[in-house]
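S.K.: Keeping their order, the protein sequence lines are chains A and B.
Those letters in the first sequence? Residues 1 to 92, by my numbering.
Those letters in the second sequence? Residues 1001 to 1147, by my numbering.
Source of the hints: derived by calculation from the structure; they are not laboratory data.
Example chain B residues on the side facing chain A (calculated, C-beta under 10 Å, incomplete):
| # | residue |
| --- | --- |
| 1 | Val1011 |
| 2 | Asp1018 |
| 3 | Lys1025 |
| 4 | Thr1026 |
| 5 | Ile1031 |
| 6 | Glu1048 |
| 7 | Ile1053 |
| 8 | Thr1057 |
| 9 | Glu1058 |
| 10 | Phe1068 |
| 11 | Asp1073 |
Where a beta carbon is used, it is the ideal one built from N, C-alpha and C, also for glycine.
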Amino acid sequence: MVKKLDDTVVISSIRISKEMSKKLELIAKRQGISKTELIRRALESYLPQFIELRPNSAEEVLNKVKLRTGFIPKIKKSIKSIYQEIYETENL
Amino acid sequence: MKVALDTSILVGFFLPDDLIHQLAKTVINQILSNKIEYACMSKINLIEMGYIIERATENQDYAYNCMFSVQHDLTIDIIDLTWDFMTSLAHLKAVNPISFCDNATLAAAHLTRSQALFSREKEIVNRRFKRIKGPEIIFIEDFNFNL
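Hey, can you work out the whole structure from these sequences and the hints?
M.R.: In structure tokens, the structure reads:
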């Protein structure tokens, strides 16, 4: 019987070494799953680290910026005085 | 509700010591949860935000990361320097006695049929707001958060 594939499923073929294939076969056998299922599970646990999801809250956004910079710096010059510089001194 | 964000809103958001930080955080939360249905900011204002944050913190890396965050983390539409935007901004600057960047906020609001959201922190500008032509201006300090 030919199983009809869901349209969200695609077939990918990959080249791997004989050694890796043997390892896959062994682990799949031990876990009682197919090699395909084992590869799928391995990818599912490996890929999320590369997928950055959009933050859901303002706090998450600030945490991301903090993480990228290492810290959130303190204000050394007041915003009001910067606006004054821009409008009065620099005349922008 | 549709808003065009002025530089001061995002400066306030990214600087926890700023006077309007909590208000700006609420606005960002409402944007992220779609309570504010549309928010935009012009590229001119994004640049202004970057240099103000760098001047305030003396930290170029932090300013860069804040600009990156607006572009990639937030669901804010970044308005390009299109012909329509440039001609609107030129006209608004010609008739309004406020800074080029503040006029860029108005141009973004005008193009997207939004309200321009400013902070009263800009007192110098605030004194002149009565004579401003263009889209409706609202202030974050008076903002109705019960949308």
